[in-house]
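Asks: Sequence:
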Amino acid sequence: MKSSKKLVIIIATALILIIGGGTVYATNTPTARAERQLNLGNKYLQEGKYQEAILAFEKVIQIDPKNILARLRLGNVYIATNELSKAEDVLKEVINIEKSNIPAREELIKVYAKEGNLDAVDGVLKDITDIDPKINISKYNNDLESAKAISISKASYNIGVKQMNDKQYLDAMNSFQKVIKEDTARYSDAQVKSVDCKKAFVDSALKKVKDFASNKDYKAALDYLEQIIKIDPNNPDALKLKKDYLKVYNIYPIKTNEEKKELISYMTNFSQGFDNFDANKASDEELLYFAIFNMNAYLGPSYSKVDGVPAKQKDGMPFTPVLAKEVDQYIKDMFGVIPNKKPEYTHLFNGGTTDTVGFYENGYYFLEAGGRGAYLSSMQFDRMNDLGDGVMYVKFTIYDFIDGKIDDFSWDSVERLDPIEKWSNQTKRYSEKGASGYAIIRQVIVDGKTTRSLLRFKTGAKLSEQELMNYK
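The sequence shown begins at 0 in numbering that gives the first Met the number 0 and counts up by one.
Hints were generated in silico from the structure; no laboratory data involved.
Take these hints with a grain of salt, some might be off.
What the hints assert, rightly or not - Simulated restraints on C-beta separations:
#1 28 / 177: 51 to 57 Å
#2 165 / 258: 39 to 45 Å
#3 130 / 34: 26 to 32 Å
What the hints assert, rightly or not - Within a straight-line C-alpha distance of at most 30 Å, the following computed BS3-like cross-link-like pairs (lysine-lysine) qualify:
#4 85 / 161
#5 313 / 394
#6 394 / 341
#7 461 / 209
#8 432 / 254
#9 229 / 177
#10 48 / 91
#11 198 / 239
#12 147 / 133
#13 138 / 260
#14 58 / 42
#15 161 / 229
#16 242 / 218
Beta carbons: idealized from backbone N, C-alpha and C, even for Gly.
Modelling step: build the complete structure from the supplied sequences, incorporating the hints.
Replies: Here's what the structure looks like:
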């Protein structure tokens, strides 16, 4: 009986071992191991664990050297990690194993598109249509367009490298900026090189700027500064130098004829009876006296005739009524301010006498009229400098038409308000050079129209380059 039990146990054990061993063998065959590694590699690829995926697919190939799917997946990984040469090699291995394999060629198209290799893309497309003439190649259009774009990007990068080596920094920057993000092999390096070119250009240009300035060639210096500011708008060195050099660069010659005429017309208002003015110190009386003088000298506007308002008398002199708003407007047009209203305006003149300049009452100025005659003059300029914030320095010479010559000269002639280079020989012959000096004016744009106000005026003087640079 005992012998029978032992026999049963032995037989059962043997069966278990046979079945178990068979199972172990079945799950440990090369095919099974390759399948496990392939599944594991696919899992890693989906999770973006590319190094783990590479190891898994390589193990599949070690187990099964002709495994096509593992090579295709390995090609996918290399494309994802931008290791394009490795992707190309492994995909070509697939084609060597299976000559008519289309999926490997489709992946090769992606590789060549990323490289911008249009010829290679065209070659692979031809192979695909040879294998399957009925295939719809329009599905490869995106890859083809990508290849074209990256091909152009690659060419731009190569041109940029050459330009950079030739120290053509601005051109190189322009080339590097054409490198597209999709061109992953070159984009990051192009950005770095563009920054390097920018710095190299700015450093080189600033040196040239200072060399030009040392030779008083401020136009060339300012041209280079504009190039710097165009690519580096907040460069503190360039902005400071531009501000300084504009103060000493003569911009009058580059003004248009109309701009010159407008300036001459405005400044000729100060061509007579005016020699030293500072807006910071000017009194109401000075401003009003200016308006009176120009009214009598026919330099200013003609004011409306006032009826029914009697003139005022003082010291035997008549003071004629003029609409205050018209006088105020003229003074504002010249100086940007209007006088305070006072019952009487008195002024201490250089001779030491105090005279009444005029009166104000009920919307009228009462001003001394007549007695000075008419002047004909023109203020001409040989330089203008931009001092910043709309403030300009101008150096002038006054030309007078007097001493009998005016008798043969048309009072209505406007040629005198043209730039002197436009004058006829007759106008030049009838003019005499008078006082010279400088003025500082503020230029502003109001409703699209240029207006000015006088800040400083002085005859017999001029500012040096250093004074212009230091002007605030």
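Asks: Next, verify each hint and record whether it holds.
Replies: Hints, verified against the model:
1. Separated by about 56 Å at the C-beta atoms, residue 28 and residue 177 satisfy the suggested range of 51 to 57 Å.
2. At about 41 Å, the CB distance of residue 165 to residue 258 agrees with the hint of 39 to 45 Å.
3. Hint check: residue 130 to residue 34, Cβ distance near 28 Å, so the stated range 26 to 32 Å holds.
4. Between the alpha carbons of residue 85 and residue 161 the distance comes to roughly 28 Å, so the proposed pair stays at or under 30 Å and holds.
5. For the suggested pair residue 313 and residue 394, the alpha carbons sit about 40 Å apart, so the restraint of at most 30 Å is broken.
6. Distance hint between residue 394 and residue 341 is unfulfilled; the C-alpha atoms sit about 35 Å from each other, more than 30 Å.
7. The hinted pair formed by residue 461 and residue 209 meets the criterion: a straight-line CA distance of about 25 Å does not exceed 30 Å.
8. Proposed proximity of residue 432 and residue 254 is supported: the alpha carbons are some 23 Å apart, at most 30 Å.
9. Between residue 229 and residue 177 the CA atoms are separated by roughly 18 Å; this keeps the pair inside 30 Å, and the hint holds.
10. For the proposed pair residue 48 and residue 91, the alpha carbon gap of about 24 Å is at most 30 Å, so the pair holds.
11. This hinted pair checks out: residue 198 and residue 239 have alpha carbons roughly 18 Å apart, not beyond 30 Å.
12. At roughly 25 Å between alpha-carbon atoms, residue 147 and residue 133 fall within 30 Å of each other, so this suggested pair holds.
13. As the CA atoms of residue 138 and residue 260 are separated by approximately 68 Å, the hinted pair breaks the 30 Å bound.
14. With a CA separation close to 15 Å, the supplied pair residue 58 and residue 42 stays within the 30 Å bound.
15. Between residue 161 and residue 229 the alpha-carbon distance is near 23 Å, which keeps this suggested pair within the 30 Å criterion.
16. Distance restraint check for residue 242 and residue 218: the Cα-Cα separation of roughly 13 Å lies within the 30 Å cut-off, and the hinted pair is therefore satisfied.
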